[in-house]
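Colleague: For the record, the sequence lines run as chains A and B.
According to my numbering, the first sequence is numbered sequentially starting from 1.
According to my numbering, the second sequence is numbered sequentially starting from 1001.
By construction, these hints were calculated from the structure, which means they are not laboratory data.
Be a bit skeptical, because a hint or two may be false.
What the hints assert, rightly or not - One-sided and incomplete, this derived list gives chain B residues near chain A with beta-carbon spacing under 7 Å:
1. Pro1008
2. Ala1105
3. Thr1114
Claimed, not checked - One-sided excerpt, in silico: chain A residues whose CB lies under 8 Å from chain B:
4. Ser28
5. Lys37
6. Asp49
7. Val54
8. Gly55
9. Phe89
10. Gly94
11. Phe98
12. Tyr99
13. Thr102
Computed from a predicted model, the values in this text were never measured in an experiment.
Think of the CB as a built atom: it goes at the ideal place given N, C-alpha and C, for glycine as much as any other residue.
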Amino acid sequence: GENVEQHPSTLSVQEGDSAVIKCTYSDSASNYFPWYKQELGKRPQLIIDIRSNVGEKKDQRIAVTLNKTAKHFSLHITETQPEDSAVYFCAASGGNQFYFGTGTSLTVIP
Amino acid sequence: GAVVSQHPSRVICKSGTSVKIECRSLDFQATTMFWYRQFPKQSLMLMATSNEGSKATYEQGVEKDKFLINHASLTLSTLTVTSAHPEDSSFYICSARDSGRPRGALFGPGTRLTVL
Chain A
1 GENVEQHPST LSVQEGDSAV IKCTYSDSAS NYFPWYKQEL GKRPQLIIDI RSNVGEKKDQ
61 RIAVTLNKTA KHFSLHITET QPEDSAVYFC AASGGNQFYF GTGTSLTVIP
Chain B
1001 GAVVSQHPSR VICKSGTSVK IECRSLDFQA TTMFWYRQFP KQSLMLMATS NEGSKATYEQ
1061 GVEKDKFLIN HASLTLSTLT VTSAHPEDSS FYICSARDSG RPRGALFGPG TRLTVL
């Protein structure tokens, strides 16, 4: 099956700085890559996604890039705010199943 | 709108007992639902894919006889943890894809299982 790796596992940034989280995947059949934000004890919430026919997508302070050849994709958060603090998961999907990365605990320091 | 619900939200049981967790899709039908397990500060690990009207597909390393999955209707999947032991204590989350919603998957709120 698919193997998704995510780095870093923890990330601390000053408020206003940018945060970057990177993921790699193994299955070339994967064609959909969502990112989820999970606050403690709560369900994951979709924040942005990208399909394999697109290289980059942006939604306000959040952007995702995809390099299909290298099988890696990244999440970029600009002008970070304390409420961005959470665990972020990347995922890869080639059909119905989602395979998740190991998660990145992001802390934004006021 | 389309939502996934889960019941119960928390359950505490004695070792050796069985626990059933329900996952429902609201305002949409889900032919496929997914069950995940999440340990504290760890990622979501896919346990099995629940298929309406047929047997579930289990991920490698997941015991099908211990984690019984039933997907009896297009809106309900159940996960039964049989003969639960303390090591089964975890956060169990289900998800479903709404065919009318092309983005991502909807997650249930999760069930915190504690086995004493």
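Colleague: Are the hints correct? Go through all of them and say.
Modeller: Going down the list of hints, with the structure as the test:
no.: 1; hint: Pro1008; verdict: violated (15 Å)
no.: 2; hint: Ala1105; verdict: holds (6 Å)
no.: 3; hint: Thr1114; verdict: violated (14 Å)
no.: 4; hint: Ser28; verdict: violated (19 Å)
no.: 5; hint: Lys37; verdict: violated (11 Å)
no.: 6; hint: Asp49; verdict: holds (6 Å)
no.: 7; hint: Val54; verdict: violated (13 Å)
no.: 8; hint: Gly55; verdict: violated (18 Å)
no.: 9; hint: Phe89; verdict: holds (6 Å)
no.: 10; hint: Gly94; verdict: violated (13 Å)
no.: 11; hint: Phe98; verdict: holds (6 Å)
no.: 12; hint: Tyr99; verdict: holds (6 Å)
no.: 13; hint: Thr102; verdict: holds (5 Å)
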